[in-house]
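Participant: Here are the chains, one letter per residue:
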Amino acid sequence: MNAAIAGIGATDFSKDSGRSELQLAAEAVRAALDDAGLEPSDVDGLVSFTMDTNAEIAVARELGVPELTFFSRVHYGGGAACATVQQAAMAVETGAAEVVVCYRAFNERSGHRFGQVQTAAAANIDNSWSYPMGLGTPAAMVAMFARRYMHEYGATSEDFGRIAVIDRKHAATNPHAWFHGRPITLEDHQSSRWIAEPLRLLDCCQESDGGVALVVTSAERARDLPNRPAHVRAAAQGSGADQFTMTSYYRDDLTGLPEMGVVARGLWERSGIGPSDVDVAVLYDHFTPFVLVQLEELGFCGRGEARDLVASGALELDGTLPLNPHGGQLGEAYLHGMNGIAEAVRQVRGTAVNQVAGVEHVLVTAGTGVPTSGLVLGRG
Amino acid sequence: MIDIEKEAARIAEQGECAPRLARDPVNLPMINNWLEAIGDEHPGYTEVAPPAMVQVWTMGGLRGQRSADDPLGAMMAVLDEAGYTSVVATNSDQTYHRYLEVGEHLSVTTSLEDVTGPKRTGLGEGWFVTTRSTWWVGDEAVAEMRFRVLKYKPAQKPEPKREAPRAQAIRPSVNRDTEYFWEGTRRGELRIQRCGGCGLLRHPPGPMCPECGATKPKYLVSEGYGVVYSYVVHHHPQVPGKQTPFVVALVELDEGVRMLGELDGEPSVGLPVEVVFTKVDDELTMPSWRPRADR
Ligand SMILES: [Zn+2]
Numbered sequence: 001m002n003a004a005i006a007g008i009g010a011t012d013f014s015k016d017s018g019r020s021e022l023q024l025a026a027e028a029v030r031a032a033l034d035d036a037g038l039e040p041s042d043v044d045g046l047v048s049f050t051m052d053t054n055a056e057i058a059v060a061r062e063l064g065v066p067e068l069t070f071f072s073r074v075h076y077g078g079g080a081a082c083a084t085v086q087q088a089a090m091a092v093e094t095g096a097a098e099v100v101v102c103y104r105a106f107n108e109r110s111g112h113r114f115g116q117v118q119t120a121a122a123a124n125i126d127n128s129w130s131y132p133m134g135l136g137t138p139a140a141m142v143a144m145f146a147r148r149y150m151h152e153y154g155a156t157s158e159d160f161g162r163i164a165v166i167d168r169k170h171a172a173t174n175p176h177a178w179f180h181g182r183p184i185t186l187e188d189h190q191s192s193r194w195i196a197e198p199l200r201l202l203d204c205c206q207e208s209d210g211g212v213a214l215v216v217t218s219a220e221r222a223r224d225l226p227n228r229p230a231h232v233r234a235a236a237q238g239s240g241a242d243q244f245t246m247t248s249y250y251r252d253d254l255t256g257l258p259e260m261g262v263v264a265r266g267l268w269e270r271s272g273i274g275p276s277d278v279d280v281a282v283l284y285d286h287f288t289p290f291v292l293v294q295l296e297e298l299g300f301c302g303r304g305e306a307r308d309l310v311a312s313g314a315l316e317l318d319g320t321l322p323l324n325p326h327g328g329q330l331g332e333a334y335l336h337g338m339n340g341i342a343e344a345v346r347q348v349r350g351t352a353v354n355q356v357a358g359v360e361h362v363l364v365t366a367g368t369g370v371p372t373s374g375l376v377l378g379r380g
Numbered sequence: 001m002i003d004i005e006k007e008a009a010r011i012a013e014q015g016e017c018a019p020r021l022a023r024d025p026v027n028l029p030m031i032n033n034w035l036e037a038i039g040d041e042h043p044g045y046t047e048v049a050p051p052a053m054v055q056v057w058t059m060g061g062l063r064g065q066r067s068a069d070d071p072l073g074a075m076m077a078v079l080d081e082a083g084y085t086s087v088v089a090t091n092s093d094q095t096y097h098r099y100l101e102v103g104e105h106l107s108v109t110t111s112l113e114d115v116t117g118p119k120r121t122g123l124g125e126g127w128f129v130t131t132r133s134t135w136w137v138g139d140e141a142v143a144e145m146r147f148r149v150l151k152y153k154p155a156q157k158p159e160p161k162r163e164a165p166r167a168q169a170i171r172p173s174v175n176r177d178t179e180y181f182w183e184g185t186r187r188g189e190l191r192i193q194r195c196g197g198c199g200l201l202r203h204p205p206g207p208m209c210p211e212c213g214a215t216k217p218k219y220l221v222s223e224g225y226g227v228v229y230s231y232v233v234h235h236h237p238q239v240p241g242k243q244t245p246f247v248v249a250l251v252e253l254d255e256g257v258r259m260l261g262e263l264d265g266e267p268s269v270g271l272p273v274e275v276v277f278t279k280v281d282d283e284l285t286m287p288s289w290r291p292r293a294d295r
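The listed protein sequences derive, respectively, from chains A and B.
So in the working numbering, spot 305 of the first sequence is number 305, and the numbers just go up one at a time.
So in the working numbering, spot 99 of the second sequence is number 99, and the numbers just go up one at a time.
Calculated from the structure, these hints are not laboratory results.
Quick list of simulated restraints, FRET-style, between CB atoms: (1) B/Gly199 x A/Ala55: 44 to 50 Å; (2) B/Val227 x A/Thr119: 27 to 33 Å; (3) A/Asp308 x B/Thr215: 46 to 52 Å; (4) B/Glu183 x A/Gly313: 53 to 59 Å; (5) A/Asp318 x B/Pro237: 36 to 42 Å; (6) A/Ala311 x B/Asp254: 35 to 41 Å; (7) B/Glu266 x A/His75: 37 to 43 Å; (8) A/Asp242 x B/Thr278: 25 to 31 Å; (9) A/Arg251 x B/Thr215: 19 to 25 Å; (10) A/His75 x B/Cys212: 26 to 32 Å; (11) B/Thr278 x A/Thr119: 15 to 21 Å.
Where is the CB? At the ideal position from N, CA and C, for every residue including glycine.
Build the full structure now, drawing on both the sequences and the hints.
Facilitator: Quick look at the structure:
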């Protein structure tokens, strides 16, 4: 695509920001514009995704953005993270806007917590087949998939735990991470309490307050800005057959994430690269089991083989497929995947705290279990 | 009407009651009996008493009478008269200034510290009464205790145990496309949508058949048997209307569709189950699963 991410910005990541979600959004967007060397008056597009309380027009007001010619909001919560960049890139390519900022900001820990039972969500007719039966949290909904995955492939709780250990190891050396300096062992994971069997506490990502923003503009314009552009080599959305939000339990098979398969096909076709060309993988990690399934859907290994790939050490910083060098959402912060895109930009720039050497292509994915999205970012 | 707060203020005003002398001095036989009853095998109590035993020395005995100026007795009488006839001790904090030696003779004084209420509690409406006792050896204070009881009116009828959570259970929303299902559970039928055009069975249901496009859905009544396809044991956080931990199972019915429901039993993938219906109220009956009785 003829678009690049030219600026990234974030607030601090905390458990109690002490300020409104709108202030977090405005601070993150301003930081991203500063990073891009642009002014609010340069912005003519804003994109966010559902489950964000900050309207595009409210953010524009706070920043003094005079006019917007493009504004959009993508559905399905965390699954939309990468799709915001796709929306922005398409707007830039079509001429609908020149400078589009994608943002996400919330007090997800101190305010409205997604991990609690959302009684109001039961008003959705789809949820009437799950919430009243007691299946009312994201962790429990993922656990239903995880149990079947274990049954079919012989995966264990320890296989899930290894993902948490890797993320926390990477977060331990990232000063911006909530779990900076606090790595865990597999024994820590195994002794953490049950949340929704087979998921333990350390299989579940943290809850965070904070904001992240990304500035997208054309490749030409990005070339003249201060930072090395992270080019959008491919962007894709995906929804699979008989798709539900978190409860796609009625398909023939419960061990895959077909919607991520759709994203994978889109990314590989449009970028012209394949799994073996990926230098860093930033995979959405709200719950560990779905990281294994993503590795399979994206083509890094065969069905049921992800646990062997993980155990081989491939996902370490010096492995063949370094995973979440910033610590992921389990380690850095839960910003609905947007902090992962910022990390991908830093890896392309060569400025990450846990920088991987010689990065050409970074793969980023968005929320799993829901209609989702992905990006391939690259140099030049 | 008795003004409880006024009576409490009057009793508190009287301050400490006269010292009441313990029946016996601190003695080894009582110490040994107490250690045995508590299960304390510490060998060190041969010349001093375990501090936690302090209350024992001044207990009234089997036929003991409260002294006329005892503030707890006076307050209990006031509350009894006001209809708060039941009592339960809620908590006590003790402070020990030193070990008590065998042969020392204790006395105790008590004052009324605080009376708060009326409060709604699980037991019924009541008042929390806090007293403060001091144990003395001569004029030396050796231990203190703050002691709180709840004096309450027993609730007329104990709350039905399952009713309260059910009242707050998450309810399904029901529309034209799903009404047949909930009408079925009310009648003790587990209904599966069946296309009026091509016969496709479908759950969860919808208004248009994805196979043939027909918009005349009908239903069949399931036999109510299936096997567990996957399951979750939910521990955290709390779920309205449920008591953790509980099991939610995704069941593959013999007719071929899958359906979620709570499972009352030890879960495993492949476990044969049957449907159970639980009436929540006139509007709502929930289907759930239990292990098949005949297997
Ligand atoms: Zn049909």
